Amino acid sequence: MAAFGVLAEYATPADLFRACERVREAGYTRWDAHTPFPVHGLDRAMGMRRSRLPWIILVVGLGGAAGGFVLQWWVHNAAYPLTISGKPHFAWPAYVPITFELGVLGGALAAVLGMLGLNQLPRHHHPLFEVERFSRCSDDRFFISIEASDPRFDAVATRQLLERSGAAAVEMVEDPA
Amino acid sequence: MIARDQVTVPAGHWLTRLPWVAGGVGVLATALSLVLASGNPRQFAFSWLLAFLFFASLAIGGMYFVLVHYATQAGWGVVVRRLAENMMGTIPLLALLFLPIVWQMRELFPWVNALADGDDHLIAAKAPYLNTRFFLVRAAVYFTVWVAIALLFARRSRAQDRTGGTAISLALKRISAPALIALALTQTFAAFDWIMSLDPTWYSTIFGVYWFAGSFVSTFAFLVLAIVVLRSAGLMKDVITLEHFHDLGKLLFAFTVFWAYIGFSQFFLIWYGNIPEETIFFRERLEGSWRAMSFLLAAGHFAVPFFFFMPRSIKRKPGLLALGAGWMLLMHFVDMYWLVMPAMHPHGVHIGLSDLAAFAAVGGLFAAVFGRLCAGSALVPVRDPRLAESLSFENV
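Residue numbers (this note's numbering), protein chains in the order written: chain A, 1 to 177; chain B, 1001 to 1396.
This is chain B alone, in the form it adopts within the complex:
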């Protein structure tokens, strides 16, 4: 049905060298990060957390894509699913890359020291939830759930490459819905723990959804870019067509709007209520250069892409769609920076070498694992029962 050389990275292809290059960059940048950490451990901790969260967004977003795919028994995107499986396949790596955050959690989370001092009543009242031991237990639970889902779905999907048939698809369909609930709950609480508790007296119940919205946008952006790279390397040409780009573009557009909807909802209720312990989050982000970054997000993460992605013709031009996708990834990084860094630099945006080193470290290792996973099996689920439907998919 599809040519084998279209869906496997041939030995000796330049793409097979990419993971090693990325991995090398990742290791060197990790070393640089650790050197910088000895000079300024607080800056290292925040830079690392930012990079970790950015790439965790992609891994978790890829997992949502795979699970939703099975839960809805989607046909159109089977040719894209393996790439999303490879994105979520980086979760075990991310569990490892979480360790520096545990190591430096005293620098990151004010509640760690505040609890020891015992002088902040607001934080003391949250101690049953915000304490070091329970924080670590929760993180362990999140990663256990994520690794379990990622390994189960990725391995069964690869097993289907050999066996074919519908049994595996049906079994994964049955567990996809409970897995989605588990993933939604764990990501919500991970957002509370890892981002919201940077400012432990501030709270927003929609915060988990906000991180999800950004992570899902960046997932579609990453998929578009990965497919464009693979096609420029001569792979997937007859497998992933303009129709699939069109659908990824639609989802990119839809979740860009969803992100704005959630982001505004969060702002709107806090603005309306006008309670100081809630408004402090936006007050910090509407002063100095943070104000400019807030407006950059409103324009660059929503208003401009809203009109850019709207026309059908853009979604059917891979070059232009990839341009928009690259921009959205950049904007997701800005979004994560905007969430994390005001706790470190309340007086203004301050991007330094440590940020770049941590990004290269986590990103390099992420790309290495993602690339190895792509080279390790076919790029599409070659014997999925819905593959034919996906290959001949057309937008009406």
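This is chain A alone, in the form it adopts within the complex:
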């Protein structure tokens, strides 16, 4: 069995904060912090960059709006021109509600699906769930996991870094897959 990575447990948010800063400064990129409740400012301590999600939403939202407009233009002017209440075939004000709705629909779907995709969700299992102590992550303990796939990962050095970072416990995590 290959190693998934290493998991460190902390007793308080303050310990976790300091540890996150040290992991960040050590230059790790494939790692995460796990807390039972939102800890404000943790994203900064971890050095997380802004999500790419807004750009995805913008592009898909504008695409949805453009698609909605073009569809109506095509239906009313190319595919099946009908005169409706004496209006010209290209009656653009009538296209606006659908254009708007498809823009919103595209943006909303991109937001939800993009969020899931960027978070690599849904998945039905995760190697950390094999770790007994990790169940306290949803109760009263704070964790950092560093993955073995991180280019800076070293079975000995990474473990030592976490042990020196104020962790209450550190253990290796196997990847059952």
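These aren't lab readings, by the way, just hints derived from the structure by calculation.
Hints are not guaranteed to be accurate.
[Stated by the list, open to error] For lysine to any residue, the following SDA-like pairs were computed, each having C-alpha atoms within a straight-line distance of at most 20 Å:
no., chain 1, residue 1, chain 2, residue 2
1, B, Lys1237, B, Glu1394
2, A, Lys87, B, Arg1283
3, B, Lys1250, B, Leu1323
4, B, Lys1250, B, Ile1314
5, A, Lys87, B, Leu1286
6, A, Lys87, B, Gly1273
7, A, Lys87, B, Tyr1272
8, B, Lys1126, B, Glu1278
9, A, Lys87, B, Phe1267
10, B, Lys1250, A, Ala108
11, B, Lys1250, B, Trp1076
12, A, Lys87, B, Asn1274
13, B, Lys1173, B, Trp1076
14, B, Lys1237, B, Val1382
[What the hints assert, rightly or not] One-sided excerpt, in silico: chain A residues whose CB lies under 10 Å from chain B:
no., residue
15, Pro38
16, His40
17, Gly41
18, Asp43
19, Arg50
20, Leu58
21, Ser85
22, Gly86
23, Lys87
24, Ala91
25, Pro97
26, Phe100
[Unchecked claim] Pair ranges (Cβ atoms, derived):
no., chain 1, residue 1, chain 2, residue 2, range
27, A, Leu82, B, Arg1133, 49 to 59 Å
28, A, Lys87, B, Arg1155, 52 to 62 Å
29, A, Leu116, B, Phe1134, 52 to 62 Å
30, A, Glu25, B, Gly1165, 41 to 51 Å
31, A, Leu109, B, Ile1206, 28 to 38 Å
32, A, Glu101, B, Ile1275, 21 to 31 Å
33, A, His126, B, Arg1004, 49 to 59 Å
34, A, Arg52, B, Gln1073, 31 to 41 Å
35, A, Val112, B, Trp1103, 52 to 62 Å
36, A, Arg50, B, Ala1303, 21 to 31 Å
37, B, Arg1155, A, Leu121, 49 to 59 Å
Every value quoted in this text rests on a predicted model; they were computed, and no experiment measured them.
For glycine and all other residues, C-beta sits at the position ideal for the given N, C-alpha and C.
Given chain A, work out where chain B should sit, using these hints.
Just chain B now, with coordinates in the frame of chain A:
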């Protein structure tokens, strides 16, 4: 918790001279307006109405902000609330500045003379609502409601600066919801009376919401500008942070979209129905230079700001946000001009000295009262129970 010198305008500060300068400009411009009125009373009446409506938008919008704040028990914006209270504190002044409109209502509202002549059937049918006496009674009701709300909320909030505690916040929370209903109804009918009845045979039921949308946009724009000025004067530096700018920017963005939504809804239904007595409003505004102004509004009040205010980074840069806010205030003036002036100048946009004089008159006096109110108490509700929450507020 917060340094006293951060939230009070110190004596002798250049900001304390500003209200007097603005007031002086206001008085001189009022005199100029009245001189111009003797030459062209009709132009004076329309210019004054336009200026009055623009600044009434700010006062009423500030009142909405305060009331919504209490009704939702908002925490983030407590540091901004006092400025909005000072905006609505100009309502008694605006009641005074409404008098020239009463004086010249014969010039403004065609139904006044049409009723006397009795030859227009459409207007005669509306006489039970559109008559001079009921118009004045309604205006009195609007101003009574607004002055009552403004004085009550502003005074209780200032009293809390001395007493602290939660009693005042809870009492104001309880009356904020009924006050919101009263404000929404009075502003709706004020929009019907003061703007829509300039063309008494035309009607649109969404019209009150349209004025509200524009007034709320300009309120956030004014708040952003006021905060930038105060911060450049060395005040509020640690009190109002980038987080508050960010939220004001979000609201500015949101209500820019809301304005477009309401404006298009109004246009859309009239366009679809295609009934002459309704389409006349847009026909007038899609001819000559009014057409250019209509497109300027669509682009400048919606399309361009929609993308300008969208990025997070813009909302967190006070300089750029203030640039956008100044632009939105200008666009709200254009919007009000576009609503009011076609009744005076159906053949095209015609901006004259009288417009500038009336704007300087109402604006100068508005700025004077707003400035005196800002200097008269702390710039934030210093003992509001939610102040700490507001000071440490962060966008997630």
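>> Going through the numbered hints above, which ones does this structure break? Give me the numbers in ascending order.
In response: Of the numbered hints, all hold.
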